[in-house]
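Just need the whole structure built from these sequences, with the hints factored in.
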Amino acid sequence: MSPLAAQMPALQVVVPMLMAPFVLLLPKGLSWAAAAAASLLAFGIAAQLAATVIDSGPVAYQMGSWPAPYGIELGVDALGALLLVVVTGASSLALVGGRASLAAAVTEEREHYFYAAWLLALAGLAGIAVSADAFNIFVFMEISSLASYVLVAGGPDRRALPAVFKYLMMGTVGATFYLIGIGLIYMATGTLNLADMDLRIAGVADKEPILAAAGFITVGLALKAAIFPLHVWLPNAYTYAPHIATAFLAACATKVSLYVLLRFDFFVFQQNLSGHALQFSAYLMPLAILGILVGSGVAMFERNVKRLLAFSSVAQIGYIMLGASLVSIGGLTAATLHMFNHALAKGGLFLAIAALAPVAAGLRLKDMGGMARRAPWTFAAFVVAGLSLIGVPGTAGFVSKWYLISAAMELGAPGIALIGVMVLGSLMAVVYVWRIVESACFGKPPENAAQAAAVPRPLGAAIWAAALANVYFGIAPGLPLRLSSSAAASLLGHVPT
Amino acid sequence: MSGQQTILMAVTLPLFGALGIALAGRIGANFREAATLLTAVALAYCVWSLAPSLLEGARPAVSVAEVLPGIEIAFAVEPLGMLFAALASLLWIINSLYSIGYMRGNREQRQTRFYVMFAISLAATIGIAFAANLFTLFLFYEALTFATYPLVAHKGDKSTVASARVYIGVLLTTSIGLFLPAIIWTYAAAGTTDFTAGGILEEKLRGPAVGLLLALFVLGIGKAAVMPVHRWLPAAMVAPTPVSALLHAVAVVKAGVFTVTKVIVYIFGIDHLFASPGTGWLVYAAAFTIVAASVVAFRQRNLKRLLAYSTVAQLSYVVMAAAILKPLAEIGAAIHIVAHAFGKITLFFAAGAIYTAAKKTELHELRGIGRRMPITMAAFTIGALSMIGVPPTGGFVSKWYILAGAFEADNYVALFTIVASTALNAAYFLPIVYMAWFAPESGKPPPTHGEAPWPSVLALSLTAALTIAFFLFNGPVLELERQVVAAP
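Same order as they appear, the protein sequences are chains A and B.
Note that the first sequence covers residues 65 to 561 in this note's numbering.
Note that the second sequence covers residues 31 to 518 in this note's numbering.
Because the hints were derived from the structure by calculation, they are not lab data.
Take the hints with a grain of salt, since some may be wrong.
Listed below are the simulated DSSO-like cross-link pairs for lysine-lysine, each with C-alpha atoms no more than 27 Å apart in a straight line [said to hold, decoys possible]:
1. A:K508 to B:K188
2. A:K430 to B:K188
3. B:K389 to B:K188
4. B:K389 to B:K185
5. B:K188 to B:K390
6. A:K508 to B:K185
7. B:K185 to A:K430
Quick list of simulated restraints, FRET-style, between CB atoms [said to hold, decoys possible]:
8. A:P440 to B:W484: 28 to 36 Å
9. A:A346 to B:L53: 55 to 63 Å
10. B:L49 to A:A69: 39 to 47 Å
Glycine is no exception: its CB is placed at the ideal position from the N, C-alpha and C atoms.
Next up, the structure:
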């Protein structure tokens, strides 16, 4: 391995993090270019890491060559690599396509702050995915959260402020719970390194503080991941954030918390705390089912397009949790694959919203009237991504649904009820996607709508890149599938049979 | 050109055609129509060129991509699919001719979109016909649903959009809710979804589960319109008549019964299904649909809705024939797909021609119209006779085989249903024919219209001729379809 290639896990975080203060120092006209360049570079690093993980297994990295558990350890396994690709990919696509849209949303004198916050959010999210240490995960979680509050509140919409306040409160509670949890574990085991924790926790597994810690960590992360019914911060935050920021955060922010949740529960708790696997399923499966049904149900009746898609996200997080709560190879493959596929679909949809919003008078369903004729190409891409959200064959969403249904089928009779839930959820998705389609195709354009429907070229390209990726990964899902099936195997490898 | 290339060509040609039609539409209407006809002819040539080698026993196949382990997008031509593709591609040419007359005659809006979506629908149809496994079939099955939606909702007014919502709602609910789980169940049980002679489930699935899986398939394949999942078909009648004619009498609905037949023959295997308990209900369900839909058709006042319910009944003929699970009946199912297609497309063409020329849609308005539109009504009469199953029309041939299969299986329910439905068909078609030819014309001032534009008249004459020709020259089709059941 070349010296540079060996440093990839560190560079993954260092590049966007160092670029953030630079963006403030550079002349204002260059801030977008610098942020986009850093994001693309991070994407390149993530792709390189993913390739390495596929070829030769997990990558471990000792900060300053101090061995773990004394030094800080970074590690990228299949699941982390998948997450990194999602995070950096979403950020790059949103930034490359989003310049004009962001310029309209963020005033010029504050633009460089916004891009700096963006890079910090990116660095934080990427940092969570590469950390092998519970406390660093917390630090990066705080970095990404604080930065994403700025992103959500950065737009001109004043309603974003109460939304972001709620987001901040809930996010802080979640992070604090998580911190309390690792504090308790640290008291009992004296370590923060996850691998080390796995070894040492076995000796104290029956102590009450450890059980409390497991509860705090799971609930805290569930709050950050917007698992139903802890999702209430999400819809408004997504609705009132600048559209491009929504596309970025909706694609990856909650998934990173889900990733930490899975890591903690599968790498540390499952094999050490007796009955944890069962508790994990019994606690998450009903929530996942409720999330799917309630999220989709609310989306069916929602009138604001962005909030509709945000509630759909609540439902889609439910699918991911449902797969994870099956605690089987098939279920975990489906869950991790759906993280990738849902990011593709939802990212594409929110990017398309960013393109349609300046054309429409507002974001209510009836404002979408006639959109299919006024912005035909963008809307066509929107439909493609929407089909992927539904899970129509030939799109990425179908592949994860296929795996999810197959995994449920392995359960036998109870699995049929789960299949029923998934089918119902998909049909509800048909309804809420189709409401937008019908309005756009057959609704009358509102009278105060802008006439010209010029979508900026880079944004159009980004939207179509996302839409085509949905189709490509629906027909050739090989790459994400390899990562997610090996992620599932390694997650499950820690569970005693 | 090798068989493999021809298959890929046939599936993609309508897509390129759609692109060509869209571009030609920017130049002018004549170019656009020329592009449509050219694509249709090229597609038919492509598909039909596969037929000779298939008659000699060749089975060209091609794999495009492996999506999941054991699940690939692949095409393989076998007699049933060949027949369906040949039928759809042939009728697309005639239907395009008809569309030109109809769409211009009625000054329809957004004609370019119409022709483009039509071509895409045909691509999906050919994909269904040539699919080598259930996954590929499902892919194109859903594509067909989405591609036909803009055609159904073509008019774009409130009631049309509501009907189109029923259309896509029923089709997606059944396909996602039942068909997809059935496919995944099949895959979980057999480890493959390839269409294989003799079926793939014989050793893998036994007992009542077979009957349950069959139910998932039959109700999940909503396009086959077995009651109670038939509601989308009458709803689809809000579409322009060429759409009803080719898609909702041939391509879409036949894709449904074709899929049911294919699942019965190549997934379950007829012997396995015959030996399994709990599979006999399908004959009853289909028989009920035939009788019930015929009764409903009898009560209709609107010509297109009557034809839609007649289609529901006729589709269940195919399902019932396939469900009799005897070789002769399977052949009957296959040729009824063809025979009904020729007859029903003629009837729809006639209904559309009447609407274009006279703006009449209700049955009671048709008094004496035979004297103003003799060619149209002659074709209508031939189509109606074929529905009833009177010689010398195609409908007689397929009924003959289905009856023979029912005798072979001693299935008196099927026998009785065919007799009853023949009577009902006669009861609702013959009065229309009588009224059109012999009743005095009504209306003040007396109507002055003549026939519809000539492309439409030419098209319906051609399909009427095909209906009769199929009675006389069905040898190659029979020979081809014998291979479906003769193969080990």
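*Taking 27 Å as the top limit, are the C-alpha atoms of K389 of chain B and K188 of chain B close enough?*
holds (21 Å)
*asked:* Hint check: K430 of chain A vs K188 of chain B, CA-CA at most 27 Å. Holds or violated?
replied: holds (14 Å)
*Has the hinted range 28 to 36 Å been met by the Cβ atoms of P440 of chain A and W484 of chain B?*
Once the Cβ atoms are compared, 34 Å apart, the range 28 to 36 Å for W484 of chain B and P440 of chain A holds.
*Are the Cα positions of K389 of chain B and K185 of chain B separated by 27 Å at most?*
Within the cut-off at roughly 16 Å; holds.
*Range agreement (Cβ of A69 of chain A with Cβ of L49 of chain B, hint 39 to 47 Å)*: Once the Cβ atoms are compared, 44 Å apart, the range 39 to 47 Å for A69 of chain A and L49 of chain B holds.
*Given hint K430 of chain A paired with K185 of chain B - CA-CA distance at most 27 Å*: holds (20 Å)
*Distance restraint between K508 of chain A and K188 of chain B, which requires alpha-carbon spacing of 27 Å or less*: With a Cα-Cα distance of about 11 Å, the restraint between K508 of chain A and K188 of chain B holds, given a limit of 27 Å.
*Return holds or violated for the Cβ distance of A346 of chain A and L53 of chain B against the range 55 to 63 Å.*
Given about 59 Å between the Cβ atoms, the range holds.
*Take a quick look at whether K508 of chain A and K185 of chain B sit within 27 Å of each other, Cα to Cα.*
Holds, at about 14 Å.
_Straight-line alpha-carbon gap K188 of chain B to K390 of chain B, limit 27 Å_ = Roughly 22 Å separates the two Cα atoms, so the pair holds.
Figure legend: structure checked against the earlier numbered hints; every hint is met.
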